[in-house]
Amino acid sequence: MADETTANPWDTGDGSMPEYDRFNVVNKSPRRVDALKLALGKGTFTDDEVPAGMLHVKMLWSPHAHARIVSIDTSEAEKMPGVQCILHCNNVSRVPHTTAGQGFPEPSPWDALCFDDKVRFVGDRVCAVAAETEADALRAIATIKVEYEVLPAILTVEDAVAPGAVQIHEHPEPTGISKPEQNLACTLDASVGDVEAGFAASDLVIERTYRIGYAQQSPIEPHIAITWLDEDDRLTVRVATQVPFHSRRILAQVLEIPVARIRVIKPRIGGGFGVKQEVLVEDVPALVTLRTGRPARWCLTREEELVSARTRHPSKLTMKAGVMKDGTLQALSMEVLGNSGAYGAHALTVVSCTGGKALPLYKAPNYRFDARVAYTNLPVGGAFRGYGAPQGFYGVEILMDEIAHELGIDPIALREKNMIGSGDDNPLAVALGEGGEGFPQRIRSCGLPECITIGREAIGWERRGSFDKTGTKRRGIGMVALMQGSGIPGVDMASAFLKLNDDGSLNLLVGATDIGTGSDTILSQIAAEELGVQLEDIIIYSADTDLTPFDTGAYASSTTYISGQSVKKAAAGVKRQIIAAAAEIWKCEADELVAADKAVRHPDGRALSYGDICRSTLYHHNQHQIMDHASHMSYECPPPFAAHFCEVEVDVETGEIKVLDYVAAVDCGVAIHPTAAEGQTEGGVQMGLGYALTERYCFDEKGAMQNASFADYKIFSALDMPDMKAVLVPTYEPTGPFGAKSVSEIPINGPAPLLSNAIFDAIGVRFREAPITPEMIWRALRERG
Amino acid sequence: MRANVPQYDVVAPPTLAEALALMAREPGVWTPLAGGTDLMVLFEAGKLPPGRYLSIWGLPELAGIQVTADAVTLGALTTYGEIRANATVQADLPMLVRAARETGAIAIQNRGTIGGNIANASPAADSPPALVAYDAALTLISAAGTRTTAFRGFHTGYKRMDLRPGELVQSVRVLRRPAADGWVHFYKKVGTRAFQAISKVGFAGCAQVVDGVAREVRIGLASVAPTVLVAAHTEAALEGARVADPGLEARAAQAMVRDVTAIDDIRSTARYRSQVAANLAAAFVRALRERG
Ligand SMILES: Cc1cc2nc3c(=O)[nH]c(=O)nc-3n(C[C@H](O)[C@H](O)[C@H](O)COP(=O)(O)OP(=O)(O)OC[C@H]3O[C@@H](n4cnc5c(N)ncnc54)[C@H](O)[C@@H]3O)c2cc1C
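Protein chains in written order, with our numbering: chain D, 36 to 820; chain B, 538 to 829.
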């Protein structure tokens, strides 16, 4: 790896921008390879092809937040028309596992069973019915009698960790729960230096508590899996997943059958945003198929998706900073109390990113991070774009504004004084790895200063403080600085396989999982660039556990950076073989030859096309298939950087908040597909604005979600979007494929703290809780009088 | 879950007369189906009662906008898209255009009808406040003939209204209120989000300001009571008042608190709603004053 990067002709060695003239396919925005078929409605999603004789699964969900199942009577349901299979805790084996689709062994506790004799939230599984139609299944479910012993429900994290609280996971089987008797799914602490000494040496010590709530990933396509037995009686699972290989492994565990008996197919996916990094729905239809021999389908409704799928972990953050009068940070500490809901999926790794991604943005000699994630009888947390970082930046970026205000320093100046930059080490990287000790990280490319310069100008930062404060509509401007990572260092691994065809086209097989992100396009661009062919010459296929090599999956901002590098290596290998074959045909030295524009050229002017060479190797000369494969894993995790700015208008009579203008400047290294990178930025900001302003879980006193539909749970729609400008600030990341870093998660870290900062500038009221609703504004203004 | 299609009967009579005859023969059996933008949401959620539905979407007798020198008549099937595009409505009844623009999004506006909005009787709908403020008159038709009734008072309770079995909303008539004659129009929808969102509070106020005095003050509100609300106390407080009177805003706001009978629900709280309604009443007074 080191050899490859130093030999890289575009590496300037200091993270600055090289000349791009030599890029032919990357850093351009061709039409996405799947655009046409999707636009024509030909892209095949999980539900688009239905095997004959398929059964439909429906679930009886728990009406109680916390209860023991005393008995389940399905006698009537079994006799109902169309009913073929009924599954519940008395007829499915108890295999503790996690639904979190992570590397093996998963750093999440194995605290879930397919069906338990206990329910832990309103919306937990009780009993599944498979029938000829969904209507048959629903009618049968209506006849099932369940006797519950209702237990006290824990609806806040504070109650969960209070002494004497009822225990949510008391069964003996689960493993990996940090402190089950205290309802703690996980605990984590890390420190650098001595924060207490740092506070003591500071001119100002400031401590604040911030709270941020539930949100759902809300992919347009809900969870769905269709299962059947193929002609060899192997279980085939077509599923909307971000993690086909983890899905296969966890399914094998849960079903107690060998991995070899399972094939997982990932077709086109209608978005995931993390919620499909969960092996959530595959097991039930798979069990039905294994028991009945018939194909089975389970598709969640929107309501089920909101209540019973996965969410963002709500978090309470207590932040404390020690600073000198000139703004120099002396100590920074973060204490997190997270809410994992009924199960601990991703609890440890998400909270690890809350501290690990947000704290190091500002350099301090002393850090402390102390996190606990508690079980409650509420919906379950999971992976969600940003993966803990949005919660972390919510605390860090509001705190920075509060410090600037206390010290009377410009918020930008305070950040510039302390922020990490090129050549700096991330001191927390070793302390906070993926569920254990991590790997040292040095920043090799950082465009943050330029992001700030561009953003400040685009928003008109100098107007800050000059707005009229007497009318009914008050304006304000705010900013935040952000970072993320690119893959999980030392964990994420991807592989790719390429072979050359008769006409010089190439099949590219990857385990990387395009879930609507555009990775099929980006990986094809990388292959084409490395090989010297056109994008159209690459025929990509992703992903199928029988056909494509392994990839950990679409998460942790890893696809471009990790999977991209595996594609680049495989392409380099194929290119070497093409040149070697030409050298053999011409009986010359390979290093005399140049491969470009789909042909190999001799210095004397002769040329052989890739097609000529392939036909020669397939049919005549030293017959062999030109093909190669490569794997990639990285101990480095270069952060992309961003600065977000916005202008808001607050109506003091109604409390309404209007975002007038939004600028997001991002350094993602070299953007492989600039339009897609801008699209990720705009989409991330849109999701983040929902998180900041409109998305809220309302529960009744029994813990049931009250607003489980898109009519009442408000995601930000296209029409709600402000004027928005996404600016790509190029740098060159020497460890990334063609200089690329990640881009898809970082934008969602911005809006929630940014809105707090901009609203403070507009009306002088500081909100430390999100989402900020018109009612909150109105109440705060009334209290202020 | 989506409802089971075979449990539903839909007929689409070619003429209004046949539709009315069918409803008269089997009173209470047939539910009208216009644009379907309310009914199909229920259907999709499995909450639409199985039964018989009468599609009126194709009936020309209920469609179209008629403009005379002093009034505009909207057929029940007039869509939001048609309202937005009509020049007279834009000029003289701008709050209907505002309400249309804020209803759902484009697809809904091409399909949703004013008649459906009225008959759906939601207290949170966007057009009814404007129809209250414009003092609209409804024409209702059945096999027995037509009758006309004031829109104010048509809705009698949550999802209840003065519509008899066998009756359809035929049209809504509103007098033109040109700005040149001193008419002031004030419309505001307060919601979580700009579009595809049910309001927390909706406000429509209209009055004619002549020589600094407000007349024909009419105010309708959405989402602050079990039906669209006629703000009778506030109207009375403003009727005949001098708009320059400095105490008028406070009096309007106080009266509004008496008018509102809001509740707490998942979208907002009663206190927020009543306070915002009061603030909007005061803002309405300022708009009148600008004119006077
Ligand atoms: C995504 C979405 C967003 C929406 N946003 C809004 C919004 O912002 N504001 C808003 O106010 N509404 C909104 N609606 C609701 C709906 O679009 C409106 O209420 C619309 O005006 C209903 O008209 P329709 O013709 O589609 O009614 P239908 O669904 O056909 O009928 C509604 C009801 O009225 C009855 N009915 C219809 N026509 C007549 C008639 N002529 N005589 C007697 N009864 C009749 C029907 O029997 C039914 O009970 C939204 C709906 C959707 C799906």
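I should point out that these hints are in silico values taken from the structure, not numbers from a laboratory. Mixed in with the good hints, there may be bad ones.
Unchecked claim - With a straight-line cut-off of 25 Å between C-alpha atoms, the simulated SDA-like cross-links for lysine to any residue are:
no., chain 1, residue 1, chain 2, residue 2
1, D, K693, B, P631
2, B, K584, D, G117
3, D, K737, B, R826
4, D, K508, B, V634
5, D, K508, B, R826
6, D, K153, D, W96
7, D, K114, D, R174
8, D, K351, B, I803
9, D, K355, D, K508
10, D, K214, D, G117
As the list claims (entries may be wrong) - Rough simulated footprint, nothing fancy, chain D against chain B, three-plus residues with beta-carbon under 8 Å:
no., region
11, 801 to 813
12, 816 to 822
Since the structure is predicted, the reported quantities are computational estimates derived from the model, not experimental observations. Glycine included, every Cβ here is placed at the ideal spot set by N, Cα and C.
Hint check results:
| no. | hint | result |
| --- | --- | --- |
| 1 | D:K693 to B:P631 | 23 Å, holds |
| 2 | B:K584 to D:G117 | 23 Å, holds |
| 3 | D:K737 to B:R826 | 50 Å, violated |
| 4 | D:K508 to B:V634 | 24 Å, holds |
| 5 | D:K508 to B:R826 | 19 Å, holds |
| 6 | D:K153 to D:W96 | 12 Å, holds |
| 7 | D:K114 to D:R174 | 11 Å, holds |
| 8 | D:K351 to B:I803 | 23 Å, holds |
| 9 | D:K355 to D:K508 | 33 Å, violated |
| 10 | D:K214 to D:G117 | 45 Å, violated |
| 11 | 801 to 813 | holds (count 7) |
| 12 | 816 to 822 | holds (count 4) |
Checked against the numbered hints listed earlier, the structure breaks hints 3, 9 and 10; every other hint is satisfied.
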